[in-house]
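Asker: Top line first, the protein sequences correspond to chains A and B.
Each residue of the first sequence is one higher than the last, beginning at 0 in numbering that gives the first Met the number 0.
Each residue of the second sequence is one higher than the last, beginning at 0 in numbering that gives the first Met the number 0.
Heads up, a few of these hints could be off.
Since copy identity is lost for identical chains, a pair holds within one copy or between any two.
As the list claims (entries may be wrong) - Straight-line Cα separation of at most 30 Å, DSS-like style, residue types lysine-lysine; simulated pairs:
1. Lys8 x Lys40
2. Lys378 x Lys37
3. Lys378 x Lys8
4. Lys145 x Lys8
In case anyone wonders, no lab produced these hints; they're calculated from the structure.
There are 2 protein chains.
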Amino acid sequence: MDAKTSKQKISPLAPGSFPSMEPVPGVRLASGGCGLKKNGKSDLMFVELADGTTAAGVFTQSLTASAPVQWSRKALRGGVARGLVVNSGGANVFTGPPGLAAVEQTVETAADLLATRPSKIFAASTGVIGEPLAVEKITAALPDFKAALSETDWEAAATAIMTTDTFPKGATRTAKIGGVQVTINGMAKGSGMIHPDMATMLSFLFTDAALPADVLQSLLVATVDRSYNAITIDSDTSTSDTVMLFATGAGAEHQAIQSADDAYLDEFKEALDQVTTDLAQQIVRDGEGASKFITVAVTGAQSNASAKRIAFSIATSPLVKTAIAGEDANWGRIVMAVGKAGEDIDADHLAITIGGVPVALMGGAIPGFDETPVAEHMKGQDISIAVDVGLGPEGEGSATIWTCDLTHGYIDINADYRS
Amino acid sequence: MDAKTSKQKISPLAPGSFPSMEPVPGVRLASGGCGLKKNGKSDLMFVELADGTTAAGVFTQSLTASAPVQWSRKALRGGVARGLVVNSGGANVFTGPPGLAAVEQTVETAADLLATRPSKIFAASTGVIGEPLAVEKITAALPDFKAALSETDWEAAATAIMTTDTFPKGATRTAKIGGVQVTINGMAKGSGMIHPDMATMLSFLFTDAALPADVLQSLLVATVDRSYNAITIDSDTSTSDTVMLFATGAGAEHQAIQSADDAYLDEFKEALDQVTTDLAQQIVRDGEGASKFITVAVTGAQSNASAKRIAFSIATSPLVKTAIAGEDANWGRIVMAVGKAGEDIDADHLAITIGGVPVALMGGAIPGFDETPVAEHMKGQDISIAVDVGLGPEGEGSATIWTCDLTHGYIDINADYRS
């Protein structure tokens, strides 16, 4: 299998089709190729946001964060947004002062086109690290993009931000705030260097609800922890992780919201969680080389945080991930991964279930255990692993995370990425 | 490529031959097949140690440590040893009370044969986790092994402890203590689940020097930190990591040693470091699927410990390891790995050198940089990466570690290990 074939083939775990996404009042998008990628491939997304749009964002914790992350983190202090420019085909990371200048040129051009200030324009970039960004291609293309803005261009926009992704990722839900319906649309990209530390590679969420910036930020931080921060593909944390949520307030008027704890927001929070979890799982389903979607649930731990660290120790273990790729229910490697996590456990009461079938109980193999149903489960595309780490009544901590297997496809894609 | 071919093929990074190892007075070995592995393959090593032998050991920090690790940790309290039994073909991990009983039967049988107490017998096991150990095969074989003990059987013994290893690993050095020559012989096994946390998978070191147990333990802890604890293959920490050093005192009489700081030990320490570093590097050279031996040197960090964490962040990154497998000098991924380590760095003064050629300086790519010599270096088998994380005069921390690349061979071996 050569690398190009593997890159172009759609992931076997992909959903059937891109969801039908209704417009979000106050959001207009344009996308297409500006020449950063070869062969005129789509590589630029420009989004116009209605006056009064509030913004929330979480970004990578990496100490070598991209230039656009540095910009957007600063711009977020204002809490308001009028536009967003995202390019693939170049990450603008480790590019020094020219990299920061490239972001400034981008947001200044966009601000002029939208007759606003640069501090209301957000930016994100994805692609190879360390190469200078050909920013003149972006600034030259933006006027035409401005002319092409439309309310309906969601799938094309989600396509423009792809790198090694094999399918565009979108999700949509509606919710009522005090009886008034609002929409949440989201998009995301993967699909390598995924082990989010506060946020995933790139994901943008839009709603027509009217929400103060501080409320929006609280809602985003909470949902990110349950979605993007609960996935891993290869344990490598990106330099460009960015999740942003924009609220245009351009939909039907609803109950005014002052606090993230407001009960009027319950349904909205639920819908937001559904959108972000859907997108996070789509990122895993497009994990580089993935052939299996894996759910790891840990219970009986000292705390939720401890359970999550144990779950990630399992989900990042190359030995566990290759065993699953080989459809081998090698639960001994799960024991190893629990052991190396360094969290409080009771090894004598450890229990492991695969596909709903107990494979180990009370800290040992089950005598006379019939592996047939587990072997059947391993042949499927959705693998479920549940581990109780045995702390009993003291162990109320639990966590669920998602990952994919480690296959030859991952090596193919990543041994050749720059060529 | 099918898995069996890949397992049987000797690593391209293997040394030319097993070293010529002289006897160590006070050490006699026997090895062979006792039926744990299929087809009569060698799977058991029995070592007799002279009366008065002192012992030192470091073991895995895993919370799901193997039954023999639990035994040996306890036995080490006595500081003396008369025997060692090591099997491959079964790790005896997560095997509950029967697993501990299996170790007890093993050491009791060995103790009877050597006319000593079980507490002077050490044990180690390696193989698949979670399967019961067929201990009756070990106890039945030990009397014949006792009859076959010899001073010269080093290569065969190193072969008996192999699992997915493709070559036996031995190293030998001599040193003088107060003008009297002593010998240090060592053996080790790899070659997956290697990211030692205090010790590597299995390694046994023998000397005829006469050293008190507490001195021996200090010497071992120090050398392990510079050797086995400076390698990683796949970031997975074994449940069975064991390094033991035995000193028989059966060689020529030398200056009495009271303290690990004794200047008479300087040459011995140097030789011990050479043996352990040699063995640790051999483990990397036999890393599952390895095609490149990689040295990662980090300088300019806040402390040596910080430099080591950054070096491991680079050496465990699947994106860095697959790029090297693809002979791609993708230094952007090194920037990513430095960033995700979470250690104190100065991104604006980060400098990266590959094969002695600077590829990035002052926090950015080098304008007009000619990649040709670096591309040449990437085609070789020995890859060297040096990163200065830019803390300048404040940054006196440095560390060097060793790893291998991540290839299709790793997936082949590990997707099929139990079948």
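Asker: Regarding Lys8 and Lys40, is the shortest C-alpha distance of 30 Å or less found within a copy, between copies, in both, or in neither?
Answerer: Answer is within: at 16 Å inside a copy they meet the 30 Å cutoff, but 43 Å across does not.
Asker: Between Lys378 and Lys37, at a C-alpha cutoff of 30 Å, which is it: within one copy, between copies, both, or neither?
Answerer: between (38 Å within a copy, 27 Å between copies)
Asker: Classify it for me, Lys145 with Lys8: is the Cα-Cα distance of at most 30 Å met within a copy, between copies, both or neither?
Answerer: neither (32 Å within a copy, 60 Å between copies)
Asker: Between copies, within a copy, both or neither: which fits Lys378 and Lys8 at Cα up to 30 Å?
Answerer: Intra 21 Å, inter 29 Å, cutoff 30 Å: intra and inter.
When held up to the earlier numbered hints, the structure conflicts with hint 4 and nothing else.
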